[in-house]
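Peer 1: Here are the chains, one letter per residue:
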Amino acid sequence: MTMDTETPVNAAAGLPEDAHQLTAKLRGAAIEALPPDKLMPDRQPAYVASWIYVFGILTISALAVVILTGLVLSIFGPDWWHLSTVGLFVNSLHLWSVEVFFFCMVIHLWGKFFMAAWRGRRRATWVTGLVTFVVSVAAAFTGYLSQQNFDSQWISTQAKDGINSIGAGAIFNVTNFGQMLMWHIVLLPIAVGILVGGHVLLVRLRGVVPPFAPPDRPTGGAAQPAPAVSEVQP
Amino acid sequence: MTAATDAATPRRRRSFKQDRDVEEWHGAYHPYDLIKEGIIAFVVVSLLVVGLAVIFSSPDDTPVTVKSWSTANPVDFATTAITELDGTSGTATYGPPYNSTTGASQSIGPISPESWFGVHHPIDTATDYVLAPLQTLPNTPEVQAAVSEYKSASPTQQAAWTKAYEDAVTKASFDNGKLTVPAGDYGPVATIIAGLTSMARSGALDGALLSTRQFYGADYTKPLLFLADGTYLADLGAAQHLSGDQWGMMNETGNYPGQAWLWLYTMWYQVPPFKTSANADFQVWGLMLVLTVLLALVPFIPGLRSIPRWTRIYRLIWRRHYKDLAAAAPGGTSP
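Chains as they are written, first to last, in the working numbering: chain A, 1 to 234; chain B, 1 to 335.
The following block holds chain B by itself, in its conformation from the complex (with noise of 0.2 Å):
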């Protein structure tokens, strides 16, 4: 502000403060070729990005397929088919926004925009995940002819089937190409599951789950979300240092750096009360919000913006200057 604009506009003058206020500067000015140091900045950056690239290369880890989780652990595979054949799995459960399940979406007191929201992605798991892509097979009348009598079974009849399959098939074994559990009263269920872990080892699920509407597609919600209700693919993540507990949210594959920047972040799901939490996403979320308008405003608020001053820190950045100023003062004196 020029003491001209300040004539031109009268304004009633507050009082300076140090946190908020500068006097503008009249003391020596030096050159400064902006230009050139925004071509040496380049040039600098240019080579050092270029130096990390040779050396380190990026990480690209082949990703998961259903048929190479189904492949790599068959048993897996039909313990988790189950459970989305019987409405148990994590995202049979999950809530907004993909499904409507009671009680399961995150809350701070009766805060819930999970619910406020509703459901966007609708996935009903036994069927997308478990019937309509056995349906899609061809020359499996044995296969067709056990997803009929499920869907015609009653609800409780239904129940009674998964619940003894879903208790067997812990002690499930594959041997030679072919999942077997103990005998027992599995209804159709035994021949949907073995039906479709075939399906799976085969690729073809992998095709069937990304199926849309058009011949194009690019929302892989479907097949990540049955990928992520089994444990192999949790178990890849752990092995290379990704689970939450292991601070993952910013790690990558292999020893790169990550998303460093995420440290705050991640740091609240190791931490009490967040570490145990059954709402500690909305709870981060919320805490990590505040902190960032804390941030953005602290030039606003009137002790958090004393911090750099209260600090000093600020001297090592201007020694030079603190330092031409105490020489040219009478008497030397120091800041």
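Extracted from the complex, chain A is given alone in its bound form (with noise of 0.2 Å):
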């Protein structure tokens, strides 16, 4: 999209005469909500100074060579590992990524319970992530699924069960091979990626949780100069 340098443009709203199009409406909500230099930042308040906070972006990069191993898998078909030296190894990076993902998530989660990162509007950034963590336990046990193994089979006839207890059974079949992979390389990732995008940005929107206060400042913490509740209600 050009623009007339000349004119006095909101970057946000786009030309005055567009303010009631739903595309510049969507771009201007958006932009304020997320100006470039909060969506993309190069600063970070001082007190992020732990590594307990590497283990989200670990967590993303984890989840990155899953995908992308998962993308060959896919691109030679579910046979194929098991044929192919080749197609073992990258079984074996999707396996080991899976394992990394897994490991580095569970530590950001539970670095960010004991930072209580709810706090300060953030609520929603908690039950996203939680709510990551249990489609993404549901990816991993697809996958065990779909590998045309002893594993699947054992897993399969075992986790019947429970699946089958809840009444889940009837539309989740988890001895249907081809329902598993389905689930596990097209439903359930996009699922693991709209949630993970949606955390993302909202860990952007709000920013990173403030530490608590000291005991002897409760509700005037961090260095700061006056108590400004962030969070209100109607």
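You may find that some hints are simply not true.
To be verified - The following label-pair restraints were derived from C-beta to C-beta distances:
no. : chain 1 : residue 1 : chain 2 : residue 2 : range
1   : B       : Gly-217   : A       : Thr-23    : 45 to 53 Å
2   : A       : Leu-205   : B       : Pro-272   : 45 to 53 Å
3   : B       : Leu-304   : A       : Val-72    : 18 to 26 Å
4   : A       : Glu-32    : B       : Ala-328   : 33 to 41 Å
5   : B       : Ile-39    : A       : Ile-31    : 19 to 27 Å
6   : B       : Ala-104   : A       : Met-40    : 31 to 39 Å
7   : B       : Leu-304   : A       : Asp-79    : 29 to 37 Å
Treat the hints as calculated values from the structure; they're not laboratory data.
Every residue gets a Cβ at the ideal spot worked out from N, C-alpha and C, and that includes glycine.
Assemble the dimeric complex from its two separately framed chains, guided by the hints.
Peer 2: Shown next as structure tokens:
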């Protein structure tokens, strides 16, 4: 989109005559909520100084490796890795990236728990993170069911009892390889992708939660001028 | 929430709660390169994953087939087959979603979703696992005659034959490619089970169990449940530390970490009352659902959301911040 540099333009809303457009409104709202310097910050609060903060980006990095190796496995199909040395190696990359993904995600989750990272209108960030973990467990589970080996046989015949007990077995048949493969490579990855994307946007929107105030200053903590409660209710 | 926004939309302020609210940060900021951090993290994770894959590879134990089962342990196969024929196997008595066996569904009080959803993957074990596959065999007049005789007999007669055979098959032996059971009045059942065992050992039963209404198929429900009804698969699983009482739900074959994130789910099966409960699956799923919802809603639950502050583990995470704060405070008080 080109803009006349001589006409005063609100970058968020676009040209004045376009203000009624849904596109312009959406863009304006998005830029107002997440301006570029907030979406991609080059500064962090001084309290962000611990190794625990690294595990969020490590989790996303592991997810990227999971997706990339999964795409390679998808290109050649579900039989490939059983018959090819290269395929077995790619499957190994996929497996270990999943293990690293969960390792980092669990540390990230409990780190955020002990920071009470939901404080200050960050509850949706916590909830989306937790839901991402649960959906990721389902994604990994369907991966184990899609392996076409003894593990798949064993896990499906054992897991069916739990799934059936809650009635879900009627529509989610863990012994149906075709159905589980579709869940593993289409439905659940899409869900994880959307959730992770939303989670990251919320992190950027709300920022990194500040530390608790010291015990002797319970409502006026972290070297702040004046208490300013960040959360209000209608 | 900025002050400007507050002014534009007047709202009632509520009291500050440490476990819910924060003061916005007005302190120092440090340079931070988001993209650089992401690239470094991706490279580190990739190298770690490549290293783990090179060193440990990944498990890929050959799946069990009906052929491999009946070849390795034909007596177990025959013992399972007769329970499929007489309707006493695990699958035959499972209930929903495979059949409508009365009282088989798990429940907590009147709550039984398994029953509510009903039968969605119908399996008639006698027909699907024994009689129908045998009827696909060519050039087996003796077996076909036995199947016809069995199907035309009264249920009482069928039950008498299968009961007698089921008692005898525990003393069966398999020599020179032939299943031998002690003499008895089994009617056509001995021919049926011997025929099915031969069919299984030839590999033909694997194909028959997968036959679908169309050419392609990807649903392995029938053969998998048949395999699970025998003891052969269970013994292989136990040898690989995969049984339920071995924390098997989070394990996988070999010495691999498996689904370690299922540890809590698996743990409940190791302790009373779930360990011995007939409704353990439903109870454990219900418990895990409650715990998961509680964890998701911690920010909204007074008391639970205070745990991080009470444990004070946050002091380790933000130790540098508190150290700086203490140093900057008049008199250098410690937090």
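Peer 1: All hints, please: hold or fail.
Peer 2: Comparing the hints with the structure gives:
1. Hint check: Gly-217/B to Thr-23/A, Cβ distance near 47 Å, so the stated range 45 to 53 Å holds.
2. Look at Leu-205/A against Pro-272/B: about 46 Å separates their beta carbons, and that is inside 45 to 53 Å.
3. For Leu-304/B paired with Val-72/A, a C-beta distance near 43 Å fails the hint of 18 to 26 Å.
4. Take Glu-32/A and Ala-328/B: their Cβ atoms lie about 35 Å apart, and the range 33 to 41 Å holds.
5. Remark: the range hint 19 to 27 Å for Ile-39/B to Ile-31/A is upheld by a beta-carbon distance near 26 Å.
6. Against the hinted window of 31 to 39 Å, the Cβ-Cβ separation of Ala-104/B and Met-40/A comes to about 57 Å, which falls outside the hint.
7. Take Leu-304/B and Asp-79/A: their Cβ atoms lie about 48 Å apart, and the range 29 to 37 Å is violated.
Hint compliance for this structure: hints 3, 6 and 7 are not met, and every other hint is.
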